[in-house]
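Residue numbers (our numbering), protein chains in the order written: chain D, 1 to 595; chain G, 1 to 509.
Be aware that a few hints might be false.
Computed footprint of chain D on chain G; a stretch qualifies when at least three of its residues, placed anywhere within it, have a C-beta under 8 Å from a C-beta of chain D [said to hold, decoys possible]:
{"hint": "1", "stretch": "69-78"}
{"hint": "2", "stretch": "113-124"}
{"hint": "3", "stretch": "372-385"}
{"hint": "4", "stretch": "399-412"}
Label-pair ranges, simulated between beta-carbon atoms [said to hold, decoys possible]:
{"hint": "5", "chain 1": "G", "residue 1": "127", "chain 2": "D", "residue 2": "24", "range": "22 to 30 Å"}
{"hint": "6", "chain 1": "G", "residue 1": "127", "chain 2": "D", "residue 2": "78", "range": "53 to 61 Å"}
{"hint": "7", "chain 1": "D", "residue 1": "176", "chain 2": "G", "residue 2": "107", "range": "46 to 54 Å"}
{"hint": "8", "chain 1": "D", "residue 1": "32", "chain 2": "G", "residue 2": "215", "range": "57 to 65 Å"}
{"hint": "9", "chain 1": "G", "residue 1": "359", "chain 2": "D", "residue 2": "96", "range": "50 to 58 Å"}
Don't read these hints as lab results, they were simulated from the structure.
Glycine included, every Cβ here is placed at the ideal spot set by N, Cα and C.
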Amino acid sequence: MSGMSGMSSAHGTTLARPARWVAGVGRVGAGTALLTAVALLPWLSRTDPALTVLRARSADQDPTPAELAAVRGELGLDAGPFAHLADWLGGLPRGDAGTSWVSGEPALPQVTAALGVSVTLMLGALLVTVVVAAAVSARTVHLGARRRLRRERTGTGAAILAALPKFLLASLLALVCGVWLGWFPTGGWDGPASMVLPALALGVPSGAMIGGLLDQALPAAFHEPWAQTWRAVGFPPRHTARHALRRALPGVLPQLLPTVVALVGGAVAVERIFNIPGLGRLALDAAIAQDLPPLQTATLSLVLLGTVAGLLVQALRRALLGRALRDGALPALPRPEPATGRARHLIAAGCALALLALVLTGLLRDPLHVDTAARLLPPSTAHPLGTDSLGRDLLARLGHGALRTAAVALAVTAVCALTGLLLGLAPRVSSGLTDVVATMPAVLAGLLVTAAVGPSLWGAALAVCLVGWSPYAAQSAALLEQERAGGHIAAARSLGAGRGHLLRRHLLPALSAPLLRNALLRLPTTVLVLASLGFLGLGEQPPTPEWGRLLSENQPYAELAPWTVLAPACALILLSVLAVTAPRGRRQAAGTPTG
Amino acid sequence: MRATPRRLLTALALTPLLAGCFAASDGESTGAGSGAAKGEGRLRLALAVPPAKALSPYSNDATVLSKLSVGEGLTALDAKGTAAPALATSWKRDSATAWTFELRKATFQDGTPVTAQAVVTALGHAHRATPKPRVLSDVELTALAVDADTVTLTTKNADPVLPLRLASPALAVLSAKAYAADGTVSPVGTGTGPFRITRLTGKTKATLDRYDGYWGGKAKAAGIDVTWIADGTARANALRSGTVDIAEWIPTAQAQLLDQGTRHEVPSVRTDSMILNTGGGLFTDPALRAAARDAVDGSALVDSVFGGYADPAQGLFGPAVPWAAGQRTAVTGRARSATPAQVKSETAGRTLRLATYTNRAELPEAATVLQQQLEKAGFTVKQDVREYTQMEADLLAGTYDALVFSRVTLLDTGDAVAYLASDFTSTGVYNIAALKNPSVDRAVRAAAEESDTAKRQQKIMRAEAEILRTDAVVPLVHEKVVQGVATGVEGVTLDPRERALITLGTHRG
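The shape of chain G in the complex, shown without the other chains (with noise of 0.2 Å):
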């Protein structure tokens, strides 16, 4: 009896030893890892999105492996959205359907040499994944290699942007050791770039090391330790405290907080837009979504949901898409506006149903102020905010009048005409506007089938105003993504497609 109490004591005195041995277990563990590792030169980052699939290339993990060059396709894409030579130094296109690559001198990060049986194998691998990486989800790729260092790829029709298709993450090439029998996919220690990944963690830790043998010369960091953060406000809390040296993706809130020199922003491929349902409610009336189109203001966004982190939408394609500015076609012919007056006798009794997720969060926002906008045109609003896969369901099916959302405008093919084509087409899957247009479809076919680069783009803004014709878009804003990267880091590649990041030359200094 009088020892219970001694018992319980000695409990609860065991409970801060118990939790000590736990955590210190852990801390050796991952330690460990980075072991040798732990040094001068050393880069430590944070990134936003943990590895789904292990780092496999053919999911969302495939970025990471370009962030943090990795991995490698045949070719790359520069600046300016162009094919560039990456594993391939040259290439032609012997048909429509036929290409030839010709291979540098490369080796494997495990030694091995990159011959062309290693590229038709990792491209086979890409071609046999299911499900299949989207890039590839509208190309059947035959890949035959003519001798040690010349690849020849066909095609089953044309396809214009093949060498852009091929610099996705996705088509990464790795060693033969990278591809298991089960179908998995591993980018440990297989790559070709110059950094090597060394140990994976689950989802929270990966520890990379310089790969000394790349072709292209040594990277000045000795290596790379990345933490995945998930939340922006811990991302951006875990720079400022100097535990990171560079952290992806700093929400609009937080970046208001950072150093003036900390932070940088570069304009995103992604546009946020409001689709309007063609397909079925408020908005089958023309005239109400050309109220809808004049009473939404995008601008009153920038300043104030995107704390300045945005441009006012030009259109679908930003000031990311270089190219897009110079070549935008002027839309014509819209329908003429109901007022709001009209609005309100022609909604009688109806709401609009407005719906946005949170997984970003300026969007529930971004939702309110349109609120706001919509009802002093007339109309009713009510809001439906959930997680994202909580509503897609419903989003394809047409349940809601309008939508806040935010797209990535150029597809892992680099090129604009995949979304175009999935978003608007009558045949489209991603089709959440149920558009069924066919001077839509003509046009965005048009843009599909056109080889040379300069018509493609014409085509492709030719498309855009087609669009944006039917008002089953209205574009609001253009994101910018604010990088945060401490001072003294030098050389962080800020890329408007998100897919570099480290590269060669980044240090610190």
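Isolated chain D, as found in the complex (with noise of 0.2 Å):
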């Protein structure tokens, strides 16, 4: 056994140089194409950036043809993409990136003050995220460190927090401690105290997430022989529970990227509520406008970020998991198959029955007749769930959405958790690209989409896809790389196992349980994202009742008329619940550990 993990050392450190310089490539390879394709935004767009640049400064201006020119021949639009790329990019070296069509002025100071105030948010909301992830995980920490971890728990709670609507719980917060309360400011940016509500309103449904995964993984840790071992020896609980989150760990913290990094460049919503002068606002109107200098300063920022964020957590976890990890020691984690508890079936089979009821009771009114005479009415009995501003009946809108909005968003998720999964056994290669793409806003995604492709029906679902198999991506190939290190990998290797062996029978049941909770996590988000590429034009277009949109056009009345957007968010409370709760057959052959 220990010449074998000798030999695999060996065979680690040989691969190590080239799979580092691969990386490397990757990571460079992904921030080119990403910024080329930004460069060509403008050219590719139907739209004429001398148009949008000249609306962006003047409104009201005739776009004449005369005007046209002008702008066109003042920015160089003619020299084409090319010459402005490399323009830009020499004067990179120079701290010189441009200046911004639109206002004429320096593009580099404008980028590095809202990207400052962004990743000062973003931390808060790490902050934040730590905390309720520490919550949400706590009580197994608690029982599993004194072996008394019978059950498996629903994860019920986790998986409301994550589905909660982060504009929502935003336009909350801003409402109630806000307004009402007066705790703290409404708005703006003013110091430590006017960073805790946008803070909470990202860091919550995100901690929400990580707990919920740290959650399903600590089990594992406790079922490992050592943690029996301590136990019967009597070191105190304390310590088996640090070693145990130091073992699940590694596992979840990939997620941290996509999940809270991402909020650096995607928390546009919650910017816009709290008037933070943030890296997501300036990114999305500089694309509006076709405003290239910032644009792609901005997107340089975030490959940048994402790719020296990747490096820190890849750090992480190897400082977490270890020699073992270098040395192909790291044993299996068993897959304890608790008893499957009633409370778990009986969430499920109420979460199934209030949306049956919820679909059959919509499907038989009417989601789409106005009455300006009926607006905003409460829940009565003529409307059970009330209407909304237009008088239309919320349950007949619900009913009818729940389908084609639960069916868009599992395709959508189903095509981004195989697209990680593919790209996660591939990690060399594909982990710069990871990176990278886990910064990315979904918006920069829609208007490549938009441009290449034009507004569409399914636009929206293929921008999602781009981008949304990224946290996929990085769980596969952190649970892959464990995984790949375990003693039993090494034994069945030399008993003559095959690479298709190898992932049939040992790596991929490893994955599938963690990576379909992942992806039943982030469902909800998936909803609200498709949603919210609405205004580029993607998707399905109004009146058509779809969830994300009755939650974003219902948002402004959600004080004057709060069953407008509690209805849905509660229907997508249920749907991601039921998600998370209802029996999968398939766990149980993911539960043999080894063949």
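Make the complex out of the two chains shown on their own, each in a separate frame, by following the hints.
Now the structure itself:
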């Protein structure tokens, strides 16, 4: 056994150098590809950048050919995208990132200021994330360390929190803690107090997501032989808990990148609600106006941020797992199958019934009938869930939107998870790409899709698929690395098992349960992101009912008529809880650790 | 090995510390700007549209200069929409193309005097700016200093509305220091108004102090602290939580949440209408246009979508254009509308592509109401809703059959002809309706050439009737603007043209 681990260690060191080299090339390649795509945006899109720049500067200006020609000449648009890209790249070493096409001001100071704000906010959100994740998994840690984990946790709490739409949470916090109670400023960026509410709005759902994943990974760590031994020897539970966390965290840490670090560029809605001058809004405004220099600079800063954060997470994982990973001496995490509790079945059945009732009663009603005399009516017998601002029946809109919403979100999630899994199988090539894509806002993908194929029904799904795979790729890569370092893999390999066999019998089964859990926890986010691209003409057009749209179109009425947002938010939560608690036959197959 | 978790903990513990530093330093830097200025008598104001071009008068930002009483032109518009003295005390028309303006004794905020030469410099820069400010787009203007306080302006063609034009915030006269060699213009400390911009922080904040040398006397407020808040709900929240004294443009969904005493409504020169594409598709058929006009009822939007903050449409020009109602010409000779059955057979298989944009929250809702109204009349409707810049090219190319559209009817000339000419004449550059109608062209040209104010107004209303007769545009509502003003704040100007807001007399009581 010791000889074997020595062998694999030698194997590992010879691989390490080219691996790092390949990963480096992957990072540079991914960054270059993305920057080139952004640089081409104004020329790919069917909208003249001269027109969008003119509009951004002066909305009422008549778009006469002479004015457009003046703008085009001033910006040198006729020189083409590559001249501009070369120009911009050439300036970077001198610290010159060009001047904004709209304002004529240097792009770099704007972007660095916004980046500073956004990174600060993200760190605040990270803190909240850590606290919430700790709270979510606290019970499992406590019981696990004392070997009292008998029942599987349902994960309902985590699913509910993770399904909370961030913009709704932000509106609610601004209203309650800002306007009503006056505890914190309702907006702006003037010192630590103004950071509290946005950090909470961003951090709570993220924390629930991370905590939910950790909560699921922990029982396996507590079932490892060392934990039993330590318990028998009488080590304090605190000690066991710490080492179990060290064992389970490395599989979850890479999720911080797409969940928390991505908030630097992807928190537009929350930045808007709290009037925070962050990078998300800057990048979006620049993208809408096709103002290339700030957009490119913002993209570059996100690429660098993703890369740095990716390397940091990688280093942290290595530090936590230590030499065991390098030496291939990591014991396989046994996957215990605790008795599935009755509670879980009850919750799943309850959610399924509630959703079924919602859909069935909703389908019998007309979701499109506008009645301006019946606007914003509270729930009553005529309208069990009330009406929206146009007097449309909310129950009908929820019911009719259910299937479309769930089907599209599930399909997109499935595609993302599969893509992520495939890319995660080749981590050396894909890790750079994964880090870069993880911090890219979906709206940037949306703009690229609109530019390439124009507005379309499937555009939103396509755009989300383009960036949505990164959490799964990061997860697969991390778990695979740990799994491959397992002694049982080395044993199987020495018995002559081929790569296909290893993949089929050991690696994939080990990945499927955590991947599925991750995908299901991300389902509500997917629904919301899909709807958030509507303003680009991507996805279903109004008045088609769709849950994400129901939430965003009723958001302005959240205070005047709370039921208009509560109903779709609850529906989303029901869907999420159902997805997490639903019985799955495949889990049994995943439960067998070695063949 | 053992140190690792500790290191992790240290890193996590550092997070809030680091975060605190960041936020504190930001707070300090913004605080320093308004340092001495913090105190009694200052107004805190939330504006909606962040500066696009560092408050350059040749951009969207021009109205900020007039809203905050920073810059002035030679003239100003009074409540009736006619030209009133500002930096010029009087003017006379020497010939069809030549005018003489007499200047008042005034000083710029940097201490230099307002001279005829300064006016010539300012107007010259506006004229040479690229792109040219909208207000000068259809005029060739030459300014000449006759003596220290007399300026003559000559135009290439006769321009009866020149005094109105000069009231445009884009033509504010700034001191020589404002105009940089590279063509940029900075109003920071260079205006003539009662308030002086002392500091502009990116797109988020501006600090203004009272300018005591103002020719019109001292302003009551000691200064203005401006915050730009793009989100309407956030603006309303800022007012409700007492962070600001004045918040402009409260969205209708939020207006109802404000205290009765803090919401002030004013009819706006914005008219929302449905534009029908006469150049291609369904609505080339006048009978179908007439059917759409009959089907659509804008008054249904007033109490629903606009929450009461609008007036049912009277025509293209609403109550904010005070002379319009009295001189309205009846629309005669309209096409007969097709019955629902006829509409169904005529449009067989073709859908009506109804477009609108998300930038104004009410428009998508209005489109959904209109969709139902049109479907009742026999049309099959499909909506397309996007951000405005994402669809403008398609709009101008005539991709849609109908557009729900919000339009300022008095552009920065303060004169209605510019809007009619650009939107409805065959050579108009913003002619989304693709209208090519000789009678409309004639009527608009007649109005443009008329120099007598009363007659010009009559001719404008005649042109309006000509346009409405074609059914290329169906007016829906005239919008109202809700300005949020905290109790105790007095003297806020409610301007239908959205040019004025804070003036000499605005103060906290």
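Results for each hint:
no., hint, verdict
1, 69-78, "violated (count 0)"
2, 113-124, "violated (count 0)"
3, 372-385, "holds (count 5)"
4, 399-412, "holds (count 3)"
5, 127/G - 24/D: 22 to 30 Å, "violated (55 Å)"
6, 127/G - 78/D: 53 to 61 Å, "violated (25 Å)"
7, 176/D - 107/G: 46 to 54 Å, "holds (50 Å)"
8, 32/D - 215/G: 57 to 65 Å, "holds (59 Å)"
9, 359/G - 96/D: 50 to 58 Å, "violated (33 Å)"
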